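Protein sequence lines, in the order shown, are assigned to chains A and B. Remember, this note's numbering sits 134 above the position in the first sequence when you count from 1. Remember, this note's numbering sits 76 above the position in the second sequence when you count from 1.
Certain hints may be false.
[Claimed, not checked] Facing chain A, a subset of chain B residues (Cβ under 8 Å, in silico):
id, residue
1, Val109
2, Thr177
3, Lys440
Read the hints as simulated data drawn from the structure, not as lab findings. Predicted, not measured: the structure shown is a model, and the values here were computed from it. Even for Gly, the Cβ is constructed at its ideal location relative to N, Cα and C.
Here is how the chains run, residue by residue.
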Amino acid sequence: MKTRASAGLAPVRRTLRTGAVVIAKESHATPAVTIHASFAAGSVFDPSDQEGLAYFVSRTVDRGSVNRTADALADELERRGVSLSVSCGRHTTSAVCSCLVEDFEAVLALVADVVMQPLFSGAEIATRRGEIVTLIRQDQDSPAAMATQGLSAAMFGSSHPYGRRLRGTVENVEGTQRPAMLAFHRARYCPSTMSLVIVGDIEASHAIDTACVLFEDWQQEPAAPPSLPIVAPPNGRRASIIPMPDKAQADIAYGLMAIARSDPSYYAHWLMNNILGQYALGGRLGDSIRESQGMAYYVFSSLDASIIPGPLVIRAGVAGRNVARALASIDAELSKLAGEGPTDLEVTESKQYLIGSMPINLETNIGIATFLQTVEFFGLGLDYDTRLPGLLKAVTRDEVHQAAVRTLDTSRATVVVAGPYTGSLS
Amino acid sequence: MASRRSSPTEASPVHEALLDNGLRVLVQQVRTVPLASVWCWYRVGSKDEAPGSTGVSHWVEHMNFKGTTGIPRDKIKGIIEKYGGYWNGYTWIDQTAYTETATRDALDQMLFIESERMTSCLYDPADCESERTVIVSELQGGENDPEQLLDREVTATAFRAHPYRHPTIGWLPDLERLSRSDLYAHYRKYYVPNNATLVVVGDVDVSDTLGRVAHHFAAAQPGETGSRLRTQEPAQLGERRVTVSREGTTAYLKVAFHAPAIGAPGFFALLVLDAVLTGAKGLNLWASFRTPPPQRSARLYRALVDTGLASAVSGALMPTEEPFLYILSATATDGTRLASLEEAMLVEIERVRSRGIEPGELEKAINQLRARLVFESDSVSGIAHQLGHFATIADWQLYHSLHERIARVTIDQVGAAALWLTPAARTIGWFEPHAPGAGVDGVTQHSAATDPTSPISG
Numbered sequence: 135m136k137t138r139a140s141a142g143l144a145p146v147r148r149t150l151r152t153g154a155v156v157i158a159k160e161s162h163a164t165p166a167v168t169i170h171a172s173f174a175a176g177s178v179f180d181p182s183d184q185e186g187l188a189y190f191v192s193r194t195v196d197r198g199s200v201n202r203t204a205d206a207l208a209d210e211l212e213r214r215g216v217s218l219s220v221s222c223g224r225h226t227t228s229a230v231c232s233c234l235v236e237d238f239e240a241v242l243a244l245v246a247d248v249v250m251q252p253l254f255s256g257a258e259i260a261t262r263r264g265e266i267v268t269l270i271r272q273d274q275d276s277p278a279a280m281a282t283q284g285l286s287a288a289m290f291g292s293s294h295p296y297g298r299r300l301r302g303t304v305e306n307v308e309g310t311q312r313p314a315m316l317a318f319h320r321a322r323y324c325p326s327t328m329s330l331v332i333v334g335d336i337e338a339s340h341a342i343d344t345a346c347v348l349f350e351d352w353q354q355e356p357a358a359p360p361s362l363p364i365v366a367p368p369n370g371r372r373a374s375i376i377p378m379p380d381k382a383q384a385d386i387a388y389g390l391m392a393i394a395r396s397d398p399s400y401y402a403h404w405l406m407n408n409i410l411g412q413y414a415l416g417g418r419l420g421d422s423i424r425e426s427q428g429m430a431y432y433v434f435s436s437l438d439a440s441i442i443p444g445p446l447v448i449r450a451g452v453a454g455r456n457v458a459r460a461l462a463s464i465d466a467e468l469s470k471l472a473g474e475g476p477t478d479l480e481v482t483e484s485k486q487y488l489i490g491s492m493p494i495n496l497e498t499n500i501g502i503a504t505f506l507q508t509v510e511f512f513g514l515g516l517d518y519d520t521r522l523p524g525l526l527k528a529v530t531r532d533e534v535h536q537a538a539v540r541t542l543d544t545s546r547a548t549v550v551v552a553g554p555y556t557g558s559l560s
Numbered sequence: 077m078a079s080r081r082s083s084p085t086e087a088s089p090v091h092e093a094l095l096d097n098g099l100r101v102l103v104q105q106v107r108t109v110p111l112a113s114v115w116c117w118y119r120v121g122s123k124d125e126a127p128g129s130t131g132v133s134h135w136v137e138h139m140n141f142k143g144t145t146g147i148p149r150d151k152i153k154g155i156i157e158k159y160g161g162y163w164n165g166y167t168w169i170d171q172t173a174y175t176e177t178a179t180r181d182a183l184d185q186m187l188f189i190e191s192e193r194m195t196s197c198l199y200d201p202a203d204c205e206s207e208r209t210v211i212v213s214e215l216q217g218g219e220n221d222p223e224q225l226l227d228r229e230v231t232a233t234a235f236r237a238h239p240y241r242h243p244t245i246g247w248l249p250d251l252e253r254l255s256r257s258d259l260y261a262h263y264r265k266y267y268v269p270n271n272a273t274l275v276v277v278g279d280v281d282v283s284d285t286l287g288r289v290a291h292h293f294a295a296a297q298p299g300e301t302g303s304r305l306r307t308q309e310p311a312q313l314g315e316r317r318v319t320v321s322r323e324g325t326t327a328y329l330k331v332a333f334h335a336p337a338i339g340a341p342g343f344f345a346l347l348v349l350d351a352v353l354t355g356a357k358g359l360n361l362w363a364s365f366r367t368p369p370p371q372r373s374a375r376l377y378r379a380l381v382d383t384g385l386a387s388a389v390s391g392a393l394m395p396t397e398e399p400f401l402y403i404l405s406a407t408a409t410d411g412t413r414l415a416s417l418e419e420a421m422l423v424e425i426e427r428v429r430s431r432g433i434e435p436g437e438l439e440k441a442i443n444q445l446r447a448r449l450v451f452e453s454d455s456v457s458g459i460a461h462q463l464g465h466f467a468t469i470a471d472w473q474l475y476h477s478l479h480e481r482i483a484r485v486t487i488d489q490v491g492a493a494a495l496w497l498t499p500a501a502r503t504i505g506w507f508e509p510h511a512p513g514a515g516v517d518g519v520t521q522h523s524a525a526t527d528p529t530s531p532i533s534g
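Produce the complete structure using the sequences and hints provided.
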């Protein structure tokens with residue numbers, strides 16, 4: 135089945151008989167092509183007793199196939215100037231690379247080989263294990279990583295798929311063996327869990343036909359997805375400190391349970407978050423904490439609306455002596471936005487920015503590919519880029535205010551501070 | 077306008093104009109997207125800072141976002157965002173650059189902002205004080221990262237005379253001392269049209285753009301930037317070492333060598349050698365380093381990462397106006413001794429120094445660099461950055477000769493470039509972590525031509 139949107143990006147989408155989805159978009163800015171293969175194989179699919187397995191698999195999957203050693207694979211990609219990146223997120227794992235247009239067929243064949251027939255050799259597993267343990271140790275030395283990991287665990291519980299650590303624990307990583315990795319690959323890297331996006335200086339029909347030939351005989355059925363229990367907002371405020379006295383400054387992670395991507399108020403929340411902690415130099419939070427008080431180089435908020443309700447997170451890096459003042463300022467800005475709502479001008483300007491920035495976001499091959507993967511993941515439709523401006527324009531100031539009232543309840547905030555801070559938190 | 081010249085490129089020509097006040101203007105029409113990118117470059121960076129004033133260029137950059145006589149403080153927020161665009165700035169050792177990228181209908185607004193920034197920034201005393209603590213926060217955020225800390229110490233150790241030795245963000249005591257008058261004097265001295273290059277790339281009409289530029293900038297008065305701090309780093313006579321010892325979990329290694337400037341013979345051969353050792357990065361500071369290099373077949377990756385000694389390895393050769401550094405970095409895997417990691421890295425460096433590279437490696441490195449040059453030119457802001465950067469540190473025409481210069485590199489030239497990696501001219505840095513309460517924080521420097529695997533640690 136092939137469908138095409140009629141205006142805007144107008145990508146071409148085809149579902150193969152195996153369930154794999156291939157999306158192609160022509161772009162002739164440079165003689166290059168970006169290949170972006172995404173699988174429903176993120177950390178939420180970790181077995182409950184194998185935290186970090188999805189990440190371990192993502193670090194090893196491209197290190198040799200049954201047809202090529204890891205060295206041969208690297209040689210074939212890199213003599214063409216190609217760097218294949220495999221990144222593991224909460225819901226998806228993606229293999230992404232860019233190549234010159236003349237190398238497209240050869241490089242897509244290598245990507246197909248990697249994702250369909252990885253070898254997981256013992257030697258590669260051992261080397262990657264050492265890398266991951268080191269990365270976990272680096273996280274333990276990073277106030278930013280400790281604060282954000284601590285916040286996820288505090289908000290969702292350390293056994294919830296959204297609360298677990300992406301890389302797992304040293305003990306888990308050291309205990310992970312090849313059979314578990316093969317089983318994970320069999321269960322999660324499947325035609326029906328794949329969306330392949332190809333963007334660049336190549337005819338869309340040729341891109342899709344090339345992908346069809348490579349993937350048409352791939353048979354692999356996914357295991358049932360894990361349950362994702364919805365976590366209710368806490369009844370009260372929670373706060374914790376992760377002491378790191380030798381660090382130069384503290385990192386604050388401040389979370390409020392927000393909404394799912396499918397929530398009807400998503401666009402109102404998007405605008406509310408933009409006004410609160412993104413617009414210009416960090417929105418209202420930036421105005422207060424950076425511009426007026428000079429406390430932080432970075433302060434911002436982000437809305438993590440996903441399959442189930444995720445958090446709105448505020449992050450800031452401040453000197454230990456300023457932690458309490460920064461938290462009080464965050465509370466004050468949240469309460470003010472929830473109490474008074476945004477101004478008409480703020481809503482207008484944030485709409486102008488979010489709509490007006492689409493050409494920049496869709497300028498490069500990788501920008502377009504990332505956008506199309508998001509569209510596919512949330513089922514937004516091939517014409518989403520043409521509908522998005524209307525969806526944002528339709529949001530009223532009152533709806534943005536209601537989003538603030540619903541989510542910005544400081545009495546239900548979860549706060550984690552990591553760094554050289556010895557005071558108390560309320 | 078005083079003069080014009082054009083250069084044909086694969087896409088569309090770059091039009092160059094020189095205003096009577098000395099402002100150099102570069103305009104290139106790129107119609108792949110309805111966007112325009114404006115960059116204003118000043119030939120001033122941290123190498124122009126005297127002792128006691130380190131960090132002033134970067135602080136001035138921050139102040140130049142805080143209102144002008146024509147753009148009051150309360151009208152700054154959203155001035156570009158309302159056009160769907162972004163604006164930003166950065167400071168490094170040779171340059172201070174400002175950019176706006178937005179839809180093409182914002183071109184006039186973008187040019188207005190840059191003309192105001194050149195002549196009319198406010199430097200409100202309260203804003204200067206408020207920004208002092210923001211910059212200290214930026215500095216301390218960087219210090220939370222052991223690798224950044226080590227990079228700072230290695231750079232400071234590698235240079236004895238040249239001002240490339242001090243960090244662009246400045247030393248903390250200088251940031252605590254600098255005053256509003258220091259900032260304003262620096263601003264007035266260097267922010268003159270004859271010290272700047274304005275670049276416009278995007279869906280614009282060239283003659284219309286040149287007319288708009290003249291409208292906004294013709295009244296800017298040229299100035300004397302005065303004599304620059306100019307010194308040449310004397311030849312390094314022996315290996316130097318520095319060990320940073322702090323609480324932490326992970327050990328880091330850096331080995332720095334003096335490297336040629338962008339315009340000097342040998343730069344592109346060393347760029348090829350870096351691709352052989354750690355994978356090709358390209359030459360765009362704004363875009364290239366956002367995607368990892370193809371490095372799994374690179375020599376140091378196979379010698380250090382595939383053997384389990386390091387979890388990451390990288391090389392950094394930046395295009396600079398004067399001779400800077402080529403820095404190799406590695407992160408020790410948990411349990412690996414820094415001495416073992418250093419020994420393995422030095423073995424590989426010695427191997428390439430004594431035996432050069434293979435023909436297949438040369439071909440692969442050139443292919444990689446050719447691809448990276450294509451990838452890093454995929455946006456109007458990326459193209460505009462490169463034109464302005466090369467205009468500031470060398471000549472913008474260099475940007476259009478990169479493919480040719482890289483393709484011309486021979487195996488013998490790479491062999492000669494490997495001689496830059498001499499033991500007597502290297503600086504080796506260790507970050508040695510210790511558990512909480514298990515050691516004394518400190519930085520130890522040691523100039524040694526003795527045993528390279530037995531450094532003094534703090």
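Do the hints match the structure? See the list:
no.: 1; hint: Val109; verdict: holds, 5 Å
no.: 2; hint: Thr177; verdict: holds, 6 Å
no.: 3; hint: Lys440; verdict: holds, 5 Å
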